[in-house]
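Protein chains in written order, with the working numbering: chain D, 7 to 274; chain U, 7 to 274.
Because the hints were derived from the structure by calculation, they are not lab data.
Worth double-checking, as some hints may not be accurate.
Copies of the same chain are indistinguishable here, so a pair counts whether it falls within one copy or spans any two.
[Stated by the list, open to error] Straight-line Cα separation of at most 20 Å, EDC-like style, residue types lysine to aspartate or glutamate; simulated pairs:
| # | residue 1 | residue 2 |
| --- | --- | --- |
| 1 | K156 | D53 |
| 2 | K249 | E208 |
| 3 | K156 | E251 |
| 4 | K150 | D115 |
| 5 | K52 | D115 |
| 6 | K156 | E212 |
| 7 | K216 | E181 |
| 8 | K216 | E76 |
| 9 | K20 | D270 |
Here's the letter readout for the chains.
2 protein chains.
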Amino acid sequence: MIATTMDTTTMSGKDVRMASRSGEFAQPTSGAAPDIVQTNVAILPKDLAFEFLVFCQRNPKPCPVIEVLEAGQTEAVLSAPGSDIRSDVPQYRVYRHGELVDEPSDISDYWRGDLVTFLLGCSFTFEHALIRNGVHLPYYGTDKNVAMYKTNIMTAAAGPFGGPMVVTHRWVPRERVVRAVQATSRFPAVHGAPVHIGDPAEIGIEDLSKPDFGDAWDPQSDDDVSMFWACGVTPQAVAMASKPELMITHSPGYMFVTDMHDEDLAVM
Amino acid sequence: MIATTMDTTTMSGKDVRMASRSGEFAQPTSGAAPDIVQTNVAILPKDLAFEFLVFCQRNPKPCPVIEVLEAGQTEAVLSAPGSDIRSDVPQYRVYRHGELVDEPSDISDYWRGDLVTFLLGCSFTFEHALIRNGVHLPYYGTDKNVAMYKTNIMTAAAGPFGGPMVVTHRWVPRERVVRAVQATSRFPAVHGAPVHIGDPAEIGIEDLSKPDFGDAWDPQSDDDVSMFWACGVTPQAVAMASKPELMITHSPGYMFVTDMHDEDLAVM
Chain D
7 MIATTMDTTT
17 MSGKDVRMAS
27 RSGEFAQPTS
37 GAAPDIVQTN
47 VAILPKDLAF
57 EFLVFCQRNP
67 KPCPVIEVLE
77 AGQTEAVLSA
87 PGSDIRSDVP
97 QYRVYRHGEL
107 VDEPSDISDY
117 WRGDLVTFLL
127 GCSFTFEHAL
137 IRNGVHLPYY
147 GTDKNVAMYK
157 TNIMTAAAGP
167 FGGPMVVTHR
177 WVPRERVVRA
187 VQATSRFPAV
197 HGAPVHIGDP
207 AEIGIEDLSK
217 PDFGDAWDPQ
227 SDDDVSMFWA
237 CGVTPQAVAM
247 ASKPELMITH
257 SPGYMFVTDM
267 HDEDLAVM
Chain U
7 MIATTMDTTT
17 MSGKDVRMAS
27 RSGEFAQPTS
37 GAAPDIVQTN
47 VAILPKDLAF
57 EFLVFCQRNP
67 KPCPVIEVLE
77 AGQTEAVLSA
87 PGSDIRSDVP
97 QYRVYRHGEL
107 VDEPSDISDY
117 WRGDLVTFLL
127 GCSFTFEHAL
137 IRNGVHLPYY
147 GTDKNVAMYK
157 TNIMTAAAGP
167 FGGPMVVTHR
177 WVPRERVVRA
187 VQATSRFPAV
197 HGAPVHIGDP
207 AEIGIEDLSK
217 PDFGDAWDPQ
227 SDDDVSMFWA
237 CGVTPQAVAM
247 ASKPELMITH
257 SPGYMFVTDM
267 HDEDLAVM
């Protein structure tokens with residue numbers, strides 16, 4: 007199949023999954039199937055699954071669990087009926103003992119009956135909420151990324167899993183700060199309320215111009231305030247650091263698209 | 007030790023736990039340590055723990071997880087530092103293959119290195135919120151219980167765990183219904199928003215005067231509306247139905263008292 011860039015804004019979640027499965031869809035999913043919940047993907051052997059799920063339970067802000075597929079299960083029955091986790095993500099990453107060994111568009115060759123899939127909330131949902139509430143996100147819908155930083159906020163460990171929380175940073179106009187807290191608090195299943203507002207040094211970030219992942223952004227005015235939210239890179243970084251024998255994830259930006267609507271995740 | 011009835015309203019969570027440990031405290035915990043989070047307790051062998059935790063993740067309204075203690079861990083490090091789950095609940099129930107075999111005040115004799123403890127949210131937190139918002143709960147602070155019913159709402163199964171959702175029922179004055187939705191929506195970690203408002207028959211409840219658990223209650227006026235919330239009895243009933251080789255729970259009403267404040271669980 008030849009991968010072509012398509013107009014993705016009119017696609018449903020199922021459209022994106024089926025086109026990923028056939029190979030037609032081979033691009034990042036940002037902006038595709040708007041207002042539909044997209045997720046991070048982490049696939050681990052069952053012997054690590056309980057402790058990884060406990061890690062997520064202990065750290066719901068960076069690790070919001072949307073669905074868990076039990077060992078060998080390939081369909082996300084609840085969030086994406088009819089899906090196949092082996093083929094419906096546009097691009098995967100395969101790691102052995104923490105080392106990247108492959109970046110395929112299908113993982114059928116790697117699949118095993120003991121693999122457990124975790125679908126974890128991604129920030130697209132809450133970014134829609136920020137935009138609707140008047141917060142400008144300059145990277146949104148571009149090929150640039152939000153700025154991400156390791157902090158001195160430690161996650162609560164579970165088994166072999168533990169380490170620092172990774173956060174995303176966004177500049178928010180002072181008069182929109184309260185609104186940004188409110189708008190994201192409605193979505194605890196996708197990182198929820200911010201973890202910090204103001205001086206980056208207070209959470210161990212020395213230089214905003216040097217993010218650990220993604221791209222640095224300048225404020226739009228002197229009145230912009232730094233706001234930090236827990237980031238879904240945290241569980242992946244933590245799992246990787248434990249060097250599991252096999253771990254499969256989505257490629258950054260190439261998410262699993264469900265059938266759930268953003269508003270399904272709102273608590274109020 | 008001799009169990010005496012004490013004034014429990016001035017006790018802290020730690021006070022209740024230490025007095026339970028020494029044997030001084032041997033009564034239901036309703037009203038003890040007000041505004042402190044109390045939890046249901048379910049202790050299962052590790053080979054069932056992953057699927058039970060997935061069951062809870064799939065059914066967050068009836069099964070809100072406050073903390074998981076890994077295999078052999080006896081201290082609730084996050085919600086009740088210094089606690090010992092083997093002694094700090096005033097009364098336990100021990101089940102073998104689904105049959106009640108003992109109701110001790112200490113489970114040290116039953117403890118094993120492969121036991122995983124689940125602390126699950128209990129309705130006391132959200133009942134405080136209802137009372138503060140003008141909803142009268144006639145059983146509150148008495149020796150009577152809320153009315154509980156099995157419904158035709160099926161939980162999402164995981165491994166051997168599945169079955170109908172159990173709900174609690176409360177009469178709410180018509181002009182307080184919206185407020186009751188709002189007040190409980192703030193607490194998704196302790197059952198959250200109601201699952202049904204109005205006609206009991208629509209969720210398979212034939213006769214409100216015949217609850218499956220607890221006590222039936224008459225409305226206070228013709229203007230009262232039936233409201234139903236997911237109930238923490240659900241995960242216990244579901245686990246029991248799978249007849250695990252060993253399962254230990256709290257005795258109904260004799261909860262584990264943490265150090266967390268109700269407001270720590272509020273999302274907004």
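Verification of the supplied hints:
no.: 1; hint: K156 - D53; result: neither (28 Å within a copy, 35 Å between copies)
no.: 2; hint: K249 - E208; result: neither (30 Å within a copy, 50 Å between copies)
no.: 3; hint: K156 - E251; result: neither (25 Å within a copy, 44 Å between copies)
no.: 4; hint: K150 - D115; result: neither (32 Å within a copy, 59 Å between copies)
no.: 5; hint: K52 - D115; result: within (18 Å within a copy, 31 Å between copies)
no.: 6; hint: K156 - E212; result: within (10 Å within a copy, 55 Å between copies)
no.: 7; hint: K216 - E181; result: neither (27 Å within a copy, 54 Å between copies)
no.: 8; hint: K216 - E76; result: neither (39 Å within a copy, 37 Å between copies)
no.: 9; hint: K20 - D270; result: within (17 Å within a copy, 38 Å between copies)
Hint violations for this structure: numbers 1, 2, 3, 4, 7, 8, all remaining hints satisfied.
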